[in-house]
Every structure is written in structure tokens, then in C-alpha cells.
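**Q** With these hints in hand, go ahead and build the complete structure from the sequences.
Numbered per this note's numbering, the sequence shown spans residues 1 to 372.
Take every hint as true, because none was put in to throw you off.
Pairs of lysine-lysine residues, derived as BS3-like cross-links and limited to a Cα-Cα distance of at most 27 Å, are as follows:
#: 1; residue 1: 261; residue 2: 329
#: 2; residue 1: 315; residue 2: 356
#: 3; residue 1: 312; residue 2: 329
#: 4; residue 1: 33; residue 2: 92
#: 5; residue 1: 312; residue 2: 261
#: 6; residue 1: 338; residue 2: 350
#: 7; residue 1: 261; residue 2: 157
#: 8; residue 1: 329; residue 2: 350
#: 9; residue 1: 348; residue 2: 315
#: 10; residue 1: 329; residue 2: 315
#: 11; residue 1: 348; residue 2: 329
#: 12; residue 1: 356; residue 2: 261
#: 13; residue 1: 348; residue 2: 261
#: 14; residue 1: 312; residue 2: 356
#: 15; residue 1: 261; residue 2: 350
#: 16; residue 1: 338; residue 2: 348
#: 17; residue 1: 315; residue 2: 350
#: 18; residue 1: 348; residue 2: 312
#: 19; residue 1: 157; residue 2: 356
#: 20; residue 1: 312; residue 2: 350
Derived from the structure by calculation, the hints contain no laboratory data.
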Amino acid sequence: MALGSVKVRNLNLGQGVVSGVERYFLFIGPAAKNAGGLLPLNTDSDLDVELGTAASELKTQILAARANGGDSWACLAAPLASDSTWQLALTKALQTGYEFEAVVVTTPVTAAAELSAMNDAAVLVLNTYACRAFFIAASVGIDAATQTWAQYALAQKALVLDLAAPRVMCVQLMHGNDQGVLAGRLADASVSVADSPMRVATGAVLGLGATPVDSEGVPLQSATRSTLDAARFTVTQTYVGYPGVFFGDGNMLDSPDSDFKVIEYLRITDKAARAVRPLLIRRVADRRLNNSANSMAVNISALMAPLRAMAKSTKFAGQVFPGEIEQPKDGDIVLTWKSKTAVEAYIKLKPLNCPKDLTANIALDLSTTETE
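**A** Set out below in C-alpha cells:
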């Protein structure tokens, strides 16, 4: 015998969109006001009110970032007290619940150990808070009173010689605010995280400081830029006969054989990892993920969804605006059971080709044309 029973339950299938942290950067450095605080800023923020009317390292770089970041630019600022460090400010931001894609430390580094410490912090933040972030460091510009460009380049190369810091990029403060200009260019929502800061179609940089000169009065030369770029710094660049100042590659201080020597490759991989992680968490101890053929196919398809979203392109006015990666295909995700309770996912992303070295070969046709 039994009595009738009806139950209605809401099933959470985990189909919601995970909010992204891409293009949201944490700026840390000395400022004249609000030391020790955490300040969410955007294009409407009055920086004189938030950071003080006096010039400061932090304010200088944030002003440059805002000028180059587009109309949806926003960041988190952590003004440092005189007795504090960027490590403490970073920890405070994370413990307060903030998430960000990059950390911009505005005080210039003077030793390789400082760059190594930033990379160590990025790894620790990933291990402790599951926060994938890279650092944008700055090094000092030229001392126009004592250094020639050759001397300056030699000193800068020594700073990163034999250094492996795969989650750190470093830009010289040649014009005083190069770091902020670069950070704004990377945070511009009009382009994707798959775009290099080299991209000319984005337009020339805005608000860059005055062109520097050395102790002999020689202005910054392309040869110096090439030398520093080869040493893995991220530098500005110009094109002869073409107006404006642009950037070169966003170089990471990684090993020569790394897959992540440029920032756009690291950013797309981090974005995919952020999107995949919640999908894996929801599958902990869920027997719907098992080694049956149907389960494997269903879960591979689910894990591929973030990749398909990243690969989506848009066609407008006869032009195709590509996605961040190529469309994923069968075999780009493989699930391997290591034991009865441990499964490992292998996920492959393929960046689109991107032209950075273009050459035109022009030939004459001197053949005789017959006339009727």
C-alpha cells in the first residue's frame, strides 16, 4: 500500500556565466592620499580626490592607464604608506575579496631579485587564492645627466640577465609613464586579451611623456629599443614616416623556449583556465562524470564550451572580427582516468596567426606587350 506523493525540485545545472576579471588591474604604489586603502577607480573618478593633488608614482601611471584604457576602463588602486610594501597591499586586496588580471607595481625595480619576488608572488597567489595574475613591473628610465644610450642599455640588460620570471613583464620608464600607458593599452575593452600591445590598428598611444635624451643630448633611438626588446623588455616603438608612438611585443621574462614569451599567449591561457576551473569544481564526486562513453562525450562537450565562446567571431560591415582562439575541434580536450577517483583533463588552445613582421616584395614586369 502507498500514498500518492509529488515533489518538485529545482536543479542547478551550473549553466550560469562566470564573471571574468580580464582587463581589471591592481595598481600599487606611493600616493599622496588614502595610504593603506583600496580604491576602485574608473573613468569618472576624480584622481585628485582619491590620490591627492600632488604628483605621485601611482597617480602618474593611473592617469596614463586611464587615457589609454578606453571608455570602460576601471582598476583597483592601493596607495602605499611609507612603511608598507606592495606584498602587503596585494595580500590585503586578495583577502578583501578582490580579483584582478594583473598587478602593476609602480615603484621602479633596481635589482633582479625584485622581479623574481613578483614572479614568486604570482605563483603564491595562484596556489593560495586560485587567482591567475601577471605583473607589470617598471624599471628606471635613463639618467640624462650621466648615461649615454649605450651605457643605459648595458645596465638594463644586466638587470634581467639569466632571469626567469614567466609571470612578469617589465617596461622602462623612458617617458616617465610608459608603464601606465602599457597597462591601459592591455586593458582596452575595444580589443581582446588575444591582441598584442603592438597592434597598430588600436591607434597610437595617448599621453606619453616627453621623448628622453641621453647625456649627449641624443634622443631615444630605434637601435636602443631593439636592444632592450631583445633583452625581453617591453618598449615603445615608432615607424619611420608614420605618425604616432606605439608599442612592441609585450615580452614576458620567460625562458627562450617557453610557449608564453609574449603576453597575449599567457592571457588567453589564463582566461581559459579561469573559465574551466568552476566546471571542474562542480564535478567533484559527481558520478555523472564517469568512464562510460556517453559520460565522457557529454563532459568533454561541457568543458569545451568556454573554448567555443572564446573562439566566437563577429562579422560586421563586411569585415570579420576574429575570436581569441581558433575554433576547438575533436581531440582538443582529452579526459584521462588516472584511477577510480582521479581524472585529468588535457585542453589545447590554438591562437590565431597574427602578423608582426610584414614584407612586401615588388617586382617590375618589363615584358613587351604586343599591340593589335
